[in-house]
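**Student:** Start from the sequences, fold in the hints, and give me the full structure.
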Amino acid sequence: MNPFPKWTNHLRLAIGVGGAAVGVYAVALFAYGASPATMNVGYAPQQPVPFSHAMHAGELGLDCRYCHTTVEQGARAAVPPTETCMNCHQRIRTASPALDPVFSSWSSGLPVRWQRVHDLPDYVYFDHSAHVTRGVGCVSCHGRVDTMERVEQQAPLSMGWCLGCHRDPTPFLRPVEFVTAMDWEPEGPAAELGARLAAEKRLRPSTDCSTCHR
Amino acid sequence: MSSLGRHDSAAPERGSPSDFSRRRFLQVMGASMALASASGCTWDTEEILPFQRRPEGRIPGSTQRFATAIECSGVASALLVSSYDGRPIKIEGNPLRVQEGGACSARSQAAVLDLYDPDLSRGLVQVHEGVPYPRSWKEFDPWFAAELARRRAGGGAGLAILAEPSSSLTQAALRARFMEQFPRTRWVEWEPLARTQELEGARLAFGRGVRTLPRLETARTLACFDADILGEHPDALQLSRAFARRRDPDGGEVLRTWVFESTPSLTGAAADQRLALRCEQILPLVLALELRVLEALAGGGSNSAALLGSGFLKDPEVAATLEALAQELVAQRGRSLLIAGPRQPAAVHALLQRINSRLGNVGSTLLHVQAAVDEARDPAAELAQLVREIEAGAIDALLILGGNPVYDAPADVDLRRALRKLALSAHLGHYRDETSRACTWHLPRAHALESWGDARAWDGTVCTIQPLIDPLYERRSVIELLAGMCAITVSARELVRAAVAGSADEAQWRRILHDGMVPGSAFVAVECTLLDFEVEAPRARQLALEVANAQLELVFAADAKLHDGRSANNAWLQELPDAITKLCWGNAAIFAESTARQLGVEEGMLVRLALGGRELEVAATILPGQAPGSVTLALGYGRSGAGLVGGLAEQDVDPVGYDAYRLRASGALHFAGGLTVTPTDRSVELARTQDAPLIDAIGTQGRDERVGELLRVITLEQLRHTPDGEAHAAAHAAHGSLFAAAPQGEVRWGMSIDLNACIGCNACVIACQAENNVPVVGREQVIRNREMHWIRLDRYFVGEGAAARVRFQPMTCQHCESAPCEQVCPVAATVHSAEGLNEMVYNRCVGTRYCANNCPFKVRRFNFFNYHKQLEQKGRDVQRMLYNPEVTVRSRGVMEKCTFCVQRIQNAKIDAKNAGRKLADGDVTPACAQTCPTHAIVFGDLADEHSRVSRRRADRRAYTMLEELHIRQRTTYMARVDNPHPAAGAHGG
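Heads up: the sequence lines are chains G and D, in that order. Read in my numbering, the first sequence has 152 at position 152, and its numbers run on one by one without any break. Just add 214 to the spot in the second sequence (first one is 1) and you have my numbering.
These aren't lab readings, by the way, just hints derived from the structure by calculation. Computed from a predicted structure; not experimentally measured. Certain hints may be false.
Below, simulated DSS-like cross-link-like pairs (lysine-lysine); rule was C-alpha separation at most 25 Å, straight line [to be verified]:
| id | chain 1 | residue 1 | chain 2 | residue 2 |
| --- | --- | --- | --- | --- |
| 1 | G | K201 | D | K1123 |
| 2 | D | K1127 | G | K201 |
| 3 | G | K201 | D | K796 |
| 4 | D | K1072 | D | K796 |
If you only want the chain G side, here are some residues facing chain D, beta carbon under 7 Å, derived [to be verified]:
| id | residue |
| --- | --- |
| 5 | G74 |
| 6 | A78 |
| 7 | V79 |
| 8 | D100 |
| 9 | S105 |
| 10 | G109 |
| 11 | P111 |
| 12 | R116 |
| 13 | D127 |
| 14 | A130 |
| 15 | T133 |
| 16 | D183 |
| 17 | C209 |
| 18 | S210 |
Positions of the beta carbon are idealized from the N, C-alpha and C atoms, including for glycine.
**Tutor:** Next comes the structure, spelled out in structure tokens:
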């Protein structure tokens, strides 16, 4: 006599299907979690002022550091104070309605409320100065900002992406004087120049956890 | 389910229901900042809010540091405060006060928590017919101005001002201005822990009330009589630094310290010779000592025989110690220093002044300065007089500037009842405390970090107080209130500038503010001539050898954490374990083992103390090293109006600890004989972080056997005879290790802790808490051994009973190269870095706690609850401002521990490389090492053989704990070196 009740005949099938479903779910979850969409690649929020990097950094050729002054000294590249905008816009386009938030900030003292585009998790301690002064160009992480009407996130900014460069930074190094040059290209193979620069500056980026997480 | 939800829905396992609100509050107070946006999820959006104009020199996301000061009991502590994006987040000492080197006391450091305390007063309150109404300065100012104007004609008669003593020049100038306009106003000062008797003693000896400044740099023999110069003294930081330097066995002639005290203090723990005596016995001891010293100086005589042959003085141990000390004092004449504590009566101070003068120590090991107006004062009598005048109707309006006199006035001065008679009573206070609640008006007082001011350090240096932030709520400083009363419209900044800098130009004034002090403003030493005076003979009780109930003395001790009670609502300090008793969240009456046995008192038992017709029920604790016959109770606890942390009757939050002020009468503010102790049959569980009962007797025995090996102490004599350090080294067979050698990176971080320098001041514990967002867990969780401090001070007793000596050992993650924790973590949440740091990866941790179990040093801390939960909620913005954004906030279920302040390491490395230079020794200083007043903790690169830490590691005193485990710690210790007198009693060494 069979000691198992009849419904157990389907158990093997149920376990098989269930197991497969778990496998598919796990793969799908990882694929979704690591996909560029999840990483917010292409994120380009509407800003209170339709500030065009394409115009300011591209056409007019302003250096990144004209506005992002603290990038070489501090962790943050710092969005400029209203005063920086007003240096020019006291005279130029003083009646443009698009600039209203800037003008009202100037008269009220309250900040312009910009939307953060490149947003790392709070447990990541990224330092701009540590990268810029070593010869990692702005373009490496932020893309061709000088062609963007509205700034968007182009790199995934994931831990794997960070580690890629930390394990071998040579393809991404350039002489420090060109860090803000958006269209700079190495004359020879990038890795060769990078290896030379890394040796000169004794760069050995760490992959220890505490480099970025404290 | 959230931790909080669980607590709210489940019945408490221990503690009273009121513990709920307190714990809830603790989670608020002690918690760290979690940015409002949920971390780890890129879909959440964040805004960037730049300045309209960015202040010069400000780099968003970087810290700026400003020199300021904080005043406590009329003495300034010079501070250097870090401000992150405009928010003060960390207090350190001002390194320009060279002797302190940036050190800071635990209490001063914890002041930053008060700034964001939601209980800190946020507005004015007027009580009308028993009902409190919120008010604003707009309503108060015109009303009060009219009130003053009405009194102007009478010269301010009927008005009294009760102020906290202050050394502020600005405040003194304003006071003079005010008294000019209102000459008949009474100005009374009250401060429960005023050091009046020191001045009275000097007046007895020299005819003038001079302050004594000890100069340990030149001393070879230091004798402290109930004087805790390393803990309680207002200048403890500088004295500690000098003390540690003089104890260094490689730093020239080594100091020998003799301590006579009732309860073990930090100085007693650091002493080479210690004798436990009742406070009352200090006077006869000093009398006998003086006679012996004079005889020895004269080369003979026997005046002292009668006194030496009586009472406790004939105890062989006391006699031997006294004789040895007298001989040494004479031998070290001009290089010895005798000092008494503020509890001792004027006679003791006067006698010691005379001995110091006779030995030629004045000008060498101590200086006299004129610190305040020279006038005989008895603050308790003045306060009593004020209360009598109020009762008699002579005074009908009282303005209380700071302090909390309703709580801390002598028990026989009923200020609360007197205040009920007054139609106008106003209290300017940080909190709506006991005094504010007894007054008709409560005026919110600005925190030191949000106001302008000045105060003088112990040596007289004028320190400036500048605001790090605008007042968060409408609060005013004493200076602003006084200026308003004098109808002065100049800003507080200008008033301070006029008072401290006078005619200095803008550049000089800016330099003063930058340095935080006025150069050359220290007091100048004065010459004093010794007068002839007599001291009355000691009474029989003071000489008694055996002490029975009713002959006991009760000692009122200033609390190392709460001082006079003012810091009672500071959760960091409440949870800070007392250095000696290891008690947190409360005080207890301290008994000697023998006294407790005689009286039938047991650990944790509630006992009734009766003194002078007043009674108080308190918990008892038994402490080795306590003098038989002496019972010590710390002041500052048992507050009913402190707030949700320290106790608030209004919201049914029980007081923390017991209010010793209820037994403290004007005649005996410091200690009093005639105490009776009645044990009850009830007991309470005391929260303490050490001495938890071990599982069995074998464990206890094992610990006692090993203490000497874990915490090594040798004598100077032994050290001199065994230069290679084998005196303290334990022999261990060299086993091979099963584990591969850890990577030896280019930089190898390491730490060295000098047990000879550590005095157990607890500054490192609070520094770490502030730097690393370490949460507060509350009394219940401490009882369950769930405290979260990343660094702790292990305290061991050596010896038995009253002769027991205290030893300290700071203990934090040892960053083992072959770390036992790493070997058992199933998810690689704790891993090693190339530089030798034992790293904790919070995101990987799943909370198995295997690592903590496998850690031989028990330094890992587990988040049993989300102690930060409350802070993540809306409306907590102000409290969130405190936390250090450089350090991740840990959540529930995650293990954490000391990181060697990895955020400081990373930032120092980035800064050095940005500047194109190599890291220098001293560029990286963890919070604990930075604040250590004695440089007991040194941190650096072991790969650099010239670094301080490498040199210390090569020292003959260096040793590694539990060397037999072969875990190769990066933290090593240096043995303590005692310098006991060869002939003195067994209490030495």
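**Student:** Each of the hints needs a verdict: does it hold here or not?
**Tutor:** Comparing the hints with the structure gives:
1. G:K201 with D:K1123: The given pair, whose Cα atoms are some 14 Å apart, holds under the 25 Å limit.
2. D:K1127 with G:K201: holds, 9 Å
3. G:K201 with D:K796: violated, 51 Å
4. D:K1072 with D:K796: holds, 17 Å
5. G74: holds, 4 Å
6. A78: holds, 5 Å
7. V79: With Cβ-Cβ at 5 Å, under 7 Å, it holds.
8. D100: With Cβ-Cβ at 15 Å, over 7 Å, it is violated.
9. S105: Holds, about 6 Å.
10. G109: Constraint on G109 of chain G satisfied, holds at 5 Å.
11. P111: Since chain D brings a Cβ to about 4 Å from P111 of chain G, closer than 7 Å, the hint holds.
12. R116: holds, 4 Å
13. D127: Interface hint status for D127 of chain G: holds (5 Å vs cutoff 7 Å).
14. A130: Because about 4 Å separates A130 of chain G from the closest Cβ in chain D, which is inside the 7 Å limit, the hint holds.
15. T133: With a closest approach of 5 Å, the T133 of chain G hint holds.
16. D183: violated, 26 Å
17. C209: Holds. Min distance 5 Å.
18. S210: Holds - the Cβ of S210 of chain G comes within 7 Å of chain D, reaching about 5 Å at its closest.
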